[in-house]
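S.K.: Sequence:
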Amino acid sequence: MHCFSFFCKPLPGSPLPADDPGSEDIGEVARMSGFAAGSRAGDARVLENMGLARRVARRFFRAGTNRDDDLVQVAYIGLVKAAQRFEPARGTDFAAYAVPTISGEIKRHLRDHGWFVRPPRAVQELRLRIGEVAPRLTQTLGHRPSLAELATELDEPVDRVREAIDSGAHLRPLSLDAPVGDDADDTLGSLLSRTTGEWERAELGMLLWAALRRLSPRDRRVVQLRFFEDCTQDDIAARVGVTQMTVSRILTRTLRALREDLQEEPAWNRRSA
1 MHCFSFFCKP LPGSPLPADD PGSEDIGEVA RMSGFAAGSR AGDARVLENM
51 GLARRVARRF FRAGTNRDDD LVQVAYIGLV KAAQRFEPAR GTDFAAYAVP
101 TISGEIKRHL RDHGWFVRPP RAVQELRLRI GEVAPRLTQT LGHRPSLAEL
151 ATELDEPVDR VREAIDSGAH LRPLSLDAPV GDDADDTLGS LLSRTTGEWE
201 RAELGMLLWA ALRRLSPRDR RVVQLRFFED CTQDDIAARV GVTQMTVSRI
251 LTRTLRALRE DLQEEPAWNR RSA
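Quick note: the sequence shown uses the working numbering, first residue 1, plus one each step.
For the record, the hints were derived by calculation from the structure and aren't laboratory data.
Remember, it's a predicted structure, so these values are computed and weren't measured experimentally.
Glycine included, each C-beta is placed from N, C-alpha and C at the ideal position.
Heads up, a few of these hints could be off.
[To be verified] Estimated spans, in silico, between C-beta atoms of each pair:
{"hint": "1", "residue 1": "44", "residue 2": "128", "range": "50 to 58 Å"}
{"hint": "2", "residue 1": "88", "residue 2": "51", "range": "14 to 22 Å"}
{"hint": "3", "residue 1": "58", "residue 2": "243", "range": "19 to 27 Å"}
{"hint": "4", "residue 1": "58", "residue 2": "136", "range": "37 to 45 Å"}
{"hint": "5", "residue 1": "214", "residue 2": "133", "range": "15 to 23 Å"}
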């Protein structure tokens with residue numbers, strides 16, 4: 001059983017139109033993917049669903065990066081592969097078939113060309129050190145420390161401190177946009193995105209990191225499978241050895257606790273009594 005990503009929502013039967021139809025060349029996309037242009041029907045599916053591929057790629061866009069165009073090209077490659085492999089006789093809607101293929105191609109690209117969910121160990125460790133030092137330094141200085149002040153305290157280059165702080169944004173894979181509960185309007189990702197400042201994002205990222213570490217091994221595994229490996233509740237139940245109902249209860253309980261942790265003000269922001 002496959003672990004499909006959370007943004008693979010049911011799609012309409014008809015393909016989504018391209019944002020600017022006719023602007024891409026099917027032969028070039030096919031060449032990039034390593035496939036030759038296929039049947040006329042397959043080529044038509046690619047042309048008709050380029051807008052869909054761009055929509056999937058946008059789910060992976062990150063503010064402040066210059067890789068967005070690359071991800072669109074990778075999405076096109078996934079689209080061509082989906083068109084080559086699609087079997088209409090199976091009765092599956094092409095768009096519903098193509099989205100997991102496109103997203104899988106993007107995820108493989110991200111794994112091969114840079115960390116996506118988990119930063120390098122040295123960056124993780126430095127981020128944790130920042131979380132320990134920042135509250136004490138804030139009290140000592142009487143204000144939130146600058147990057148330079150943190151770097152001096154940690155005896156680290158400013159660029160490395162900035163990288164560790166920026167890595168907080170990468171703790172949140174796109175699947176965290178999934179609803180927190182069956183009837184909940186909030187998402188775990190929205191708890192991070194509500195605050196847009198560099199420091200605030202880093203603070204919340206460190207809170208999330210710490211909150212996950214406080215979960216029991218089983219609960220942490222369930223959260224990992226659901227939000228970091230994009231598995232369905234049925235898949236998780238089979239892999240963990242519990243019922244789907246138990247998985248649902250674990251997610252509801254742990255995500256409520258995580259939400260409460262993330263909504264608390266970071267300790268180093270609180271005014272001393």
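S.K.: Would you mind marking each hint as holding or not holding in the structure?
M.R.: Here is how each hint holds up against the structure:
1. 44 - 128: 50 to 58 Å: holds (52 Å)
2. 88 - 51: 14 to 22 Å: Distance hint for residue 88, residue 51 holds at roughly 21 Å.
3. 58 - 243: 19 to 27 Å: Violated: the Cβ-Cβ distance is about 36 Å, outside 19 to 27 Å.
4. 58 - 136: 37 to 45 Å: With Cβ atoms ~40 Å apart, the hint holds.
5. 214 - 133: 15 to 23 Å: The hint (15 to 23 Å, Cβ to Cβ) holds, given that residue 214 and residue 133 are roughly 20 Å apart.
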